[in-house]
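Use these hints to put chain B onto chain A, whose structure you have.
Here is how the chains run, residue by residue.
Number of protein chains: 2
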Amino acid sequence: MQSEKSLRNTCFREEDKQPSESSWKKFENVFNYELLPYETTTQGSKKTSQFLLEVVDILLDYIKKNNDRSYKVLDFHHPHSLRNALGPCLNLDDDPKDLEQILIDCKETLKFCVKTGHPRFFNQLSTGLDLIALAGEWLTAAANTNMFTYEIAPVFTLMEDIVLAKMRDIIGWPDNNCDGVFAPGGAISNLYAVLAARYRICPEIKEHGMEVSPKLVMFTSEYSHFSIKRSAAILGIGTNNCIGIKTDSKGKMMVKDLEKQIEKTLASGAIPFFVSATGGTTVLGSFDPIWEISDIAIKYGLWLHVDCAWGGGALLSKSHRKLLNGIDRADSVTWNPHKLMGATLQCSAVLMKEKGILEKCNSLRAKYLFQQDKHYDITYDKGDKAIQCGRHNDIFKLWLMWRAKGDSGLESQIDKLMDLSLYLQKKLRDKEGFQFVINEPEFLNVCFWYVPKNVRYIEKGCRRDALLDKVAPKIKSMMMETGTTMVGYQPLGDLPNFFRMIVSNPATIPDDIDFLLEEIERLGEDL
Amino acid sequence: MQSEKSLRNTCFREEDKQPSESSWKKFENVFNYELLPYETTTQGSKKTSQFLLEVVDILLDYIKKNNDRSYKVLDFHHPHSLRNALGPCLNLDDDPKDLEQILIDCKETLKFCVKTGHPRFFNQLSTGLDLIALAGEWLTAAANTNMFTYEIAPVFTLMEDIVLAKMRDIIGWPDNNCDGVFAPGGAISNLYAVLAARYRICPEIKEHGMEVSPKLVMFTSEYSHFSIKRSAAILGIGTNNCIGIKTDSKGKMMVKDLEKQIEKTLASGAIPFFVSATGGTTVLGSFDPIWEISDIAIKYGLWLHVDCAWGGGALLSKSHRKLLNGIDRADSVTWNPHKLMGATLQCSAVLMKEKGILEKCNSLRAKYLFQQDKHYDITYDKGDKAIQCGRHNDIFKLWLMWRAKGDSGLESQIDKLMDLSLYLQKKLRDKEGFQFVINEPEFLNVCFWYVPKNVRYIEKGCRRDALLDKVAPKIKSMMMETGTTMVGYQPLGDLPNFFRMIVSNPATIPDDIDFLLEEIERLGEDL
Chain A
5 MQSEKSLRNT CFREEDKQPS ESSWKKFENV FNYELLPYET TTQGSKKTSQ
55 FLLEVVDILL DYIKKNNDRS YKVLDFHHPH SLRNALGPCL NLDDDPKDLE
105 QILIDCKETL KFCVKTGHPR FFNQLSTGLD LIALAGEWLT AAANTNMFTY
155 EIAPVFTLME DIVLAKMRDI IGWPDNNCDG VFAPGGAISN LYAVLAARYR
205 ICPEIKEHGM EVSPKLVMFT SEYSHFSIKR SAAILGIGTN NCIGIKTDSK
255 GKMMVKDLEK QIEKTLASGA IPFFVSATGG TTVLGSFDPI WEISDIAIKY
305 GLWLHVDCAW GGGALLSKSH RKLLNGIDRA DSVTWNPHKL MGATLQCSAV
355 LMKEKGILEK CNSLRAKYLF QQDKHYDITY DKGDKAIQCG RHNDIFKLWL
405 MWRAKGDSGL ESQIDKLMDL SLYLQKKLRD KEGFQFVINE PEFLNVCFWY
455 VPKNVRYIEK GCRRDALLDK VAPKIKSMMM ETGTTMVGYQ PLGDLPNFFR
505 MIVSNPATIP DDIDFLLEEI ERLGEDL
Chain B
5 MQSEKSLRNT CFREEDKQPS ESSWKKFENV FNYELLPYET TTQGSKKTSQ
55 FLLEVVDILL DYIKKNNDRS YKVLDFHHPH SLRNALGPCL NLDDDPKDLE
105 QILIDCKETL KFCVKTGHPR FFNQLSTGLD LIALAGEWLT AAANTNMFTY
155 EIAPVFTLME DIVLAKMRDI IGWPDNNCDG VFAPGGAISN LYAVLAARYR
205 ICPEIKEHGM EVSPKLVMFT SEYSHFSIKR SAAILGIGTN NCIGIKTDSK
255 GKMMVKDLEK QIEKTLASGA IPFFVSATGG TTVLGSFDPI WEISDIAIKY
305 GLWLHVDCAW GGGALLSKSH RKLLNGIDRA DSVTWNPHKL MGATLQCSAV
355 LMKEKGILEK CNSLRAKYLF QQDKHYDITY DKGDKAIQCG RHNDIFKLWL
405 MWRAKGDSGL ESQIDKLMDL SLYLQKKLRD KEGFQFVINE PEFLNVCFWY
455 VPKNVRYIEK GCRRDALLDK VAPKIKSMMM ETGTTMVGYQ PLGDLPNFFR
505 MIVSNPATIP DDIDFLLEEI ERLGEDL
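Chains A and B supply the protein sequences, listed in that same order. Just add 4 to the spot in the first sequence (first one is 1) and you have my numbering. Just add 4 to the spot in the second sequence (first one is 1) and you have my numbering.
Looking at chain A on its own, in the form it has when it is part of the complex:
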């Protein structure tokens, strides 16, 4: 970790610029208005290519370092010291910077990035950097269009239809006469699902508001993603009317408690309308028993949503799709290809069994965007079913990556990750000082405590828990400061802080897992 002073002296420097790349010199005192689209001469066009190729060169260098285990995962600095050091260099001024400075800016920015594609980055559900998806993202940026109409996004609109249909086929809805849309992340996808369910139970809310609605109550496991609860807050249902259902020792929703809560709700005079089953919870990676939950949903007429933002990719594996058994009985599904499938961020789909429900629920028919007298078939204009107006093209990178891997490539990627998870579990079992939070995890989340020697022989109880609670944060802190690897931790209910290891990076090999465990031991041994 550099000192604040040395940070200030080396970063984003404008005086005494000495870029390592001598080829950047030719951009000294060259400004953006000398490039396309301002300067359309051959000269302008040539400079544009040269400039973009220099940027690509910087990015290729970063990509290589991302994949080189001799480079650190991150170069950590505390927020205030990074802010004090870089703040003045990051300023936006009245005058333009020349393109040499812009190249320096790119290079310096990457220096302080966390290498989320590094084989030893295990910190989030989304890890890795797929290079076909990256290429797709670069093209998306150059095409710079908007998904609201076929008019300005013809091929991408078709691709979205094709990919959504493919995803629904994989879910297994009997005839594919269904609906769906790509949304900016799983939280918004979940919001779409609750919104559609609310529309089905009481379509009048759209015009008249919740005042014409009976009191609505929704259900989700206590370990589900917080965006389900947040949807209740946003939609005016209220977080108190989003009931957290108890989970069993594996972190799965207890169907008996679900039914009990539904009965309790009915007895209170309120209307149960929605239940979300999670396919891969954020912390434990648990899969709720979808089939049994769907029986209850049918019995009481609830909308069944499956939030498999995280676990959806498992559907692509013949060996592992059983985790989501019953998903074809769902009314809606959230599935994020930017997680398990490895697409770059953002890429999230929400799929609906009922065709047309999104349009009915969300459309407002703005005449200036969705003209009814266009010369082409306007059923291809998808914008009015989205809650966004402008909508980023999240489809091309996914489509391209899927082309390059095929179903078979994605399947073997997922199977390989599942094998790695078993490898990690075996290692943990064989090593002293490690303890599972859940024995035999069924997915890619492997949650465990590292118990330092000084704590190892203390009797189970409050004192031990209090000590243990401090271990993971302490190790994580040292890990970040050395920058060698990154893994998440958190408490859960009454459980003290534990590590949550996520095996979702296709770049990872068994050696990297060994490295992580050894690093935890090395840093934590004497705590």
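Fair warning: there could be bad hints in the mix.
Which copy? The list can't say, so a pair holds if one copy fits it or any two copies do.
Mimicking EDC-like on lysine to aspartate or glutamate, the simulated pairs with C-alpha atoms at most 20 Å apart in a straight line are [claimed, not checked]: (1) Lys431 to Asp99; (2) Lys69 to Asp434; (3) Lys371 to Glu263; (4) Lys420 to Asp99; (5) Lys478 to Asp377; (6) Lys50 to Asp61; (7) Lys268 to Glu211.
No wet-lab data here; the hints were simulated from the structure. All figures in this text were calculated on a predicted structure; none of them were measured in a lab.
Just chain B now, with coordinates in the frame of chain A:
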């Protein structure tokens, strides 16, 4: 326009591949798993660079064509014929495609893209392709991180703080102790604003739902963006409780009508809580009188939102910021740098005067993401104030573009566009057969009818309107089929369809405007 058959034969073809680029041949039978991160040998690393450079080559070619007036803006095909022709070629199969096919896929996709950066693309509010923003977007994709915590997005978090503070300074809020977040588009930004306003008037809704709320009513001009109304639908307020305020002959909100509607609401026993003033309406480009509206908002205790998603950029111009006079009296502002400022899609900010309101309104304190015992200052973790969980990095491209242009560069870009708008207006005035929808438009939307000779001398009235209503769609249809230029049209209230010309592309020069008008005359003359 090619026939369906010839389309099918030439596009995305896998048999008899004859890519024009012989350098692609080396990717025949080379698959994604031979690249990084799977193949970390020198060979794998080299192939990765080669592959990405081929992609960049395709993109550079596209960028050049984007800026070359001898290329068409689009190659139009009807949805069903594009679908029939390309559908089978776009399929996702079990087997992977080789990287040669992936390069063909990229090239073919671009062939059917609408060139939104072309100097003769005038169809949307967002036009143009800024190459610094593009470079920023490429870096963003390579960095592939998520904005929820400082932990994994340290520099980008600082950049977001810096840019938001800069934007608030420009708005003119007296001390910059305020709030804000980047959101996926203006519609979601507007949703944030209504949500925060609802929280301020009745914070209990978050937990208890709308049933504990008095009846809430909100106001916006009849010409405002439909996302304000949609927010009412989503939040459970109801579209009927979003009152459209009348506009004057310039399309500006009539403050008298606003006050009348507020009084009417109060008389009915409901609570007026929110008013949105539009800074640049979508169709006419009108600016509501913010200052006068803010007087009313203060008088009645309403939250004042300014939706200047479109017009916000005008704040950067000393000559034109008066359009938004009074904006510093707003409680919240939506401002999309992906529109007037020219950043690539998506880039939208929502800014709030009250510090901490977003956090209070939206946070749910998920312990697994926002651990309270981290070793760094967690006030830098911004995720819990967003309604998304994962959040795309929309800041870097904007920051980089702003660096490269400086305030002065952005100002002159906006001034230049305003001059071009005046140029267009003068041309329209001087030409026969063109008629303004609003005389002397004050912004970059220039709305006009082209009146063909056969209609020109018909008396004003229903018959003329009915004929005129068909002219713009017909011309637009021919324009798209020839592909030479693109401009939008729509009706408005009782007005028959008219063209809405948007001057927002920094690539445009007066010649392009002449070209558009001549093209309209050429295509429409004999209608």
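Ascending list of hint numbers which this structure does not respect = Failing hints, ascending: 1, 2, 3.
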